[in-house]
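Participant: Now for the letters of each chain:
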Amino acid sequence: MAKKKLTFEDALSRLEDIVSEMESADVSLDSSVKLYKEAVELSVFLNTSLNEYENQVMELSKTAEGVFKENTLY
Amino acid sequence: MAQNFFSVTQLNRYIRDVFSDDYLLNDIGILGEISNFKNHPSGHMYFTLKDETAAVSCIMFKNDAYDLNFEPANGMKVIACGRVSVYEKTGQYQLYVNELEQAGIGVLYERFELLKKKLASEGLFDEDRKKPMPRHISHIAVITSKTGAAVRDIIKVVKDRNKSIKITVVPALVQGEDGARDVVRCIKDVNKWGRADAVIIGRGGGSYEDLQVFNEESVARAIADSKIFTVSAVGHETDFTISDFVADMRAATPSAAAEMLSEDAEAARRYVNTLLSGAKRMLISNLEQKKALVQAGTNRQVLKHPLIAINTKRDYVHSLLGSTDLNIRNRISSLKNYSQNTVRLAESLSPLKVLSRGYAVVYKDDEVITTVEKISENDNIRIELNDGEFEACITKNQQRRGREFGEKEIDF
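Note that the protein sequences, when read in sequence, are chains A and B. Heads up: the first sequence begins at 15 in the numbering used here, then just goes up one per residue. Heads up: the second sequence begins at 7 in the numbering used here, then just goes up one per residue.
Excised from the complex, chain A in its bound form (with noise of 0.2 Å):
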């Protein structure tokens, strides 16, 4: 049962959509409390994402084989 491994867009996307279902009539009390610790998941593999340096600069090359390989250039 391997998971697509969420991307930012998709966490993103989602975390939208639950503050608009929240946003609208009539959502239970446990529906609420539930979508909330799901947005707070959400945010937090959010905000790591963007706190993740990248201090490398790759390079793309390719192999005789046409293998694609990246290498440090800064």
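Treat the hints as calculated values from the structure; they're not laboratory data. In this text, all values refer to a predicted model and were calculated from it rather than measured experimentally. Possibly wrong hints are sitting among the right ones.
What follows is a set of in silico ranges between Cβ atoms, one per label pair, in the way DEER data are often shown [what the hints assert, rightly or not]:
id, chain 1, residue 1, chain 2, residue 2, range
1, A, E55, B, A302, 31 to 39 Å
2, B, A79, A, Y67, 49 to 57 Å
3, A, K76, B, R141, 23 to 31 Å
4, B, K137, A, Y67, 27 to 35 Å
5, A, K48, B, H311, 33 to 41 Å
6, B, G200, A, Y67, 22 to 30 Å
7, B, V62, A, K76, 45 to 53 Å
8, A, E30, B, T153, 39 to 47 Å
9, B, A61, A, K76, 42 to 50 Å
10, B, E116, A, G80, 34 to 42 Å
11, B, E243, A, E30, 31 to 39 Å
12, B, E105, A, K76, 23 to 31 Å
13, B, H311, A, N61, 46 to 54 Å
Don't be surprised by glycine CBs; every beta carbon is placed ideally from N, CA and C.
Got chain A; can you put chain B on it based on the hints?
Facilitator: Quick look at chain B alone, frame taken from chain A:
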């Protein structure tokens, strides 16, 4: 000392013949830069064609110059076609130009316009072909020269705005004959590799000729086929190339491209936190709402003072009882009175009572006698008093008398 000698005229004539006999020099094209240009009043053009190390005089006669579709000027690169010959009068050889065409930018401009028209008619520049910029870009590929200012500028701008964005440089030649082929290869590679969210194709500023790689048809088509969001960033603000028209987005410079693609991390963080606060607000308001409902429910009098209902009912019953009570009591007392009166009346009417007042009941032969006419002398009668009876014998009959009842009637 030379034995044979010729006149100058003969020499110059000879040289002229040498030139006209030469196959190459009769129809030759020369690439060079115009200088010392003079448009003679006669209509003939005189100029010098030069390159880095040499120069040659040129003349273009009025008739040939007439068809020119541009204005020759100093500094222009041209291809001059004609024949080389010698002006016998001066012994100077010249290029007699019968065709002059722009070799530098002019040619390039023309090719540019033609290609632009062609690709536009194929719809390659259409707005709805252009992909929208991905909402979140975390990995940018850069196709450009590995050295040079463009790549450094892009890296600096991206890192300044958002340190979390990955950059991968795909080095390519960006000018010269091999430039087009190299750039095309890189575009295809980036698409095949597939890890980038967006790709910047470009180079720093240069002369118009330097930028020609990005006017090549092969490059334009490779950009059109790119599945990844492509930004064209060639040269300076005012440089427009075919790549600019066919790409998903044009940036005036490589730095501008970097800025457009790198989402400000701070702004993104703020947005995420705004969303989260929104969710929190919704949760709290939902809670408050439900709380209010619960309070409203529990605030009802009946829950706070459950006995109130009972007391209310009880009071009601009491009041009902009270009023009936009164009624009944009244009825009872009046009935009591009535019955008492009736009893009293009955009592007073009771023969026994009468008897106790001194009256007697007279029986003759068990018949009650109420009139003296029934009594005769020597009759035996029985007399009943209130506490007993006795027998008597009439000694003498009394005379009848009229009586009056003087007793009152009893009110009730």
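Participant: Does the hinted range 42 to 50 Å hold for A61(B) and K76(A) at CB?
Facilitator: Cβ of A61(B) to Cβ of K76(A): about 48 Å, so the range 42 to 50 Å holds.
Participant: K137(B) and Y67(A), beta-carbon distance inside 27 to 35 Å?
Facilitator: holds (29 Å)
Participant: Just to be sure I understand the hint, the distance between the Cβ atoms of E30(A) and T153(B) should be within 39 to 47 Å; is that true here?
Facilitator: The hinted range 39 to 47 Å holds for E30(A) and T153(B), with Cβ atoms some 42 Å apart.
Participant: Take the C-beta atom of V62(B) and the C-beta atom of K76(A), compute their distance, and say whether it sits inside 45 to 53 Å.
Facilitator: holds (49 Å)
Participant: Verify the CB-CB distance for G200(B) and Y67(A) against the hinted window 22 to 30 Å.
Facilitator: Given about 24 Å between the Cβ atoms, the range holds.
Participant: Does 33 to 41 Å hold as the CB distance between K48(A) and H311(B), or does it fail?
Facilitator: Given about 39 Å between the Cβ atoms, the range holds.
Participant: Can the suggested window of 23 to 31 Å be confirmed for the beta-carbon pair E105(B) and K76(A)?
Facilitator: violated (47 Å)
Participant: Look at the Cβ atoms of K76(A) and R141(B) and judge whether their distance stays inside 23 to 31 Å.
Facilitator: holds (30 Å)
Participant: A range of 31 to 39 Å was offered for this pair. Does it hold for the Cβ distance of E55(A) and A302(B)?
Facilitator: holds (34 Å)
Participant: Do A79(B) and Y67(A) keep their Cβ atoms within the hinted range of 49 to 57 Å?
Facilitator: Since the Cβ atoms of A79(B) and Y67(A) sit about 55 Å apart, the hinted range of 49 to 57 Å holds.
Participant: Determine whether the Cβ-Cβ distance between H311(B) and N61(A) falls within the hinted range of 46 to 54 Å.
Facilitator: Holds - the Cβ-Cβ distance for H311(B) and N61(A), about 53 Å, lies within 46 to 54 Å.
Participant: Just tell me: holds or violated, for the beta carbon distance of E243(B) and E30(A) against 31 to 39 Å?
Facilitator: Between E243(B) and E30(A), where Cβ atoms are some 36 Å apart, the hint holds.
Of the hints listed earlier, the one the structure fails to meet is number 12.
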